Amino acid sequence: MYTIFHAVFGYFFMLLAVRVLVRRPGGQLTPFEFVIIFLIGGIAILSTIGHDPSVTNCTCAVIAVGMVHRFVAMARTRWRRLGRWMDGLPLVLLRDGQWQLDAMEGMRIEPDDVMAAAREQGLTSFSDVKYAVVERTGSISIIKR
Amino acid sequence: MATPRTRPVEDSISKVGNELAVGEDLAFQRRWWRFETTIWILFALILAADLSGIFGRGPLAKASAKTADGTMKLDYERVLRYETPDVMTIHFGPNAIQNGRIELWVSESVIKPLGNQRIIPQPKSSILDGDGILYTWPAASHPNSVSFALAPSAPGSQKFTVRLESTGDTITRHVWVMP
Chain W
0 MYTIFHAVFG
10 YFFMLLAVRV
20 LVRRPGGQLT
30 PFEFVIIFLI
40 GGIAILSTIG
50 HDPSVTNCTC
60 AVIAVGMVHR
70 FVAMARTRWR
80 RLGRWMDGLP
90 LVLLRDGQWQ
100 LDAMEGMRIE
110 PDDVMAAARE
120 QGLTSFSDVK
130 YAVVERTGSI
140 SIIKR
Chain R
0 MATPRTRPVE
10 DSISKVGNEL
20 AVGEDLAFQR
30 RWWRFETTIW
40 ILFALILAAD
50 LSGIFGRGPL
60 AKASAKTADG
70 TMKLDYERVL
80 RYETPDVMTI
90 HFGPNAIQNG
100 RIELWVSESV
110 IKPLGNQRII
120 PQPKSSILDG
130 DGILYTWPAA
140 SHPNSVSFAL
150 APSAPGSQKF
160 TVRLESTGDT
170 ITRHVWVMP
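Chains as they are written, first to last, in numbering that gives the first Met the number 0: chain W, 0 to 144; chain R, 0 to 178.
Check before you lean on any hint, since a few could be wrong.
Stated by the list, open to error - Which stretches of chain W does chain R cover? Using the computed rule of at least three CB atoms under 8 Å from a CB of chain R, they are:
1) 81 to 88
2) 97 to 111
What the hints assert, rightly or not - Chain R residues, not near chain W, derived (Cβ > 10 Å throughout):
3) 48
4) 54
5) 57
6) 122
7) 129
8) 160
These are calculated hints, taken from the structure and not from any lab test.
Just so we're clear, the structure is a prediction, and the values are computed from it rather than from any experiment.
Glycine included, every Cβ here is placed at the ideal spot set by N, Cα and C.
Bound conformation, chain W alone:
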């Protein structure tokens, strides 16, 4: 029984921790972020399974996490405001030659990160970029001039 509570608590706690830790867990995983995601995942498993690694316990834990995820996904679709809190919103980083400093500093994104995304689009300098937007997934979209 405790496993189900642990799994549900672990899901929401991990969600909160990952959300406040990094914006780009899936977008641009650097080795630095890999360490965080895998380490907290491993620690959460210890607390969820505890001293009962039986198939019954692990099956219940997997089902519990799966069901919570399903319900959260449904709730997120139904209430868009919830989606904002869980996934965040896109933010404009660069607009018409001006860095949007609130967004850059708040998201802890450096111009180098934006330039890396611009290079992937075949652009050679910031002057070719009209807009740079950090997406909810954490990836940076570049709109050319």
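Since the structure of chain W is provided, determine the placement of chain R on it from the hints.
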């Protein structure tokens, strides 16, 4: 054949510069950043509390209690953790020894919710006595001490009592078991 369900596409996403549909909401984002800062402060407080022992296994968790004449002294932790090993030690003074032995009554809660795993040294006898167990150790001289290796099996507040049979001295304490 049923008609596929459709809905006209609306231009509902707010635009930046009147041309790029981004759906940016800086007011919300600022609220989120404030929330994020609060969470970080909370995380820092949790770590500080953990280091200090408020959640167990730290300096603030350690406690001791003794009888008025010092015949029995109990070293224990106010806060324990669920299924995590811990040791409670009882030190005995010279008055604790009667007829060459020490008899200690321990409430059942030390066995069940507090999860006593073993006693060091092993008692010579253990007798079920009411809602507890009476342990006996042969003892020649003091100092003597007995340790109970615990691994709590239930979270929450737990109460336990130890009583020295030779003097009737009793110590009762409440401990908290973290989930």
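Each hint tested on the structure:
Requiring three or more residues with a Cβ within less than 8 Å of a Cβ of chain R, the coverage given for the stretch 81 to 88 of chain W holds, as 4 such residues are present. Check result for the stretch 97 to 111 of chain W against chain R: holds, 3 residues qualifying (beta carbon to beta carbon below 8 Å, three or more required). No Cβ of chain W approaches the Cβ of residue 48/R within 10 Å, the least distance being about 16 Å, so the stated non-interface status holds. With a closest Cβ-Cβ approach of about 13 Å to chain W, residue 54/R is found to remain outside the 10 Å limit, as its non-interface label requires.
For residue 57/R, the non-interface assignment is confirmed: its Cβ lies about 19 Å from the closest Cβ of chain W, beyond the 10 Å cut-off. For residue 122/R, the non-interface assignment is confirmed: its Cβ lies about 27 Å from the closest Cβ of chain W, beyond the 10 Å cut-off. The claim that residue 129/R is not at the interface with chain W holds, since no C-beta of that chain comes within 10 Å of its own (minimum 31 Å). Residue placement check: residue 160/R keeps its beta carbon more than 10 Å from all beta carbons of chain W (closest about 27 Å).
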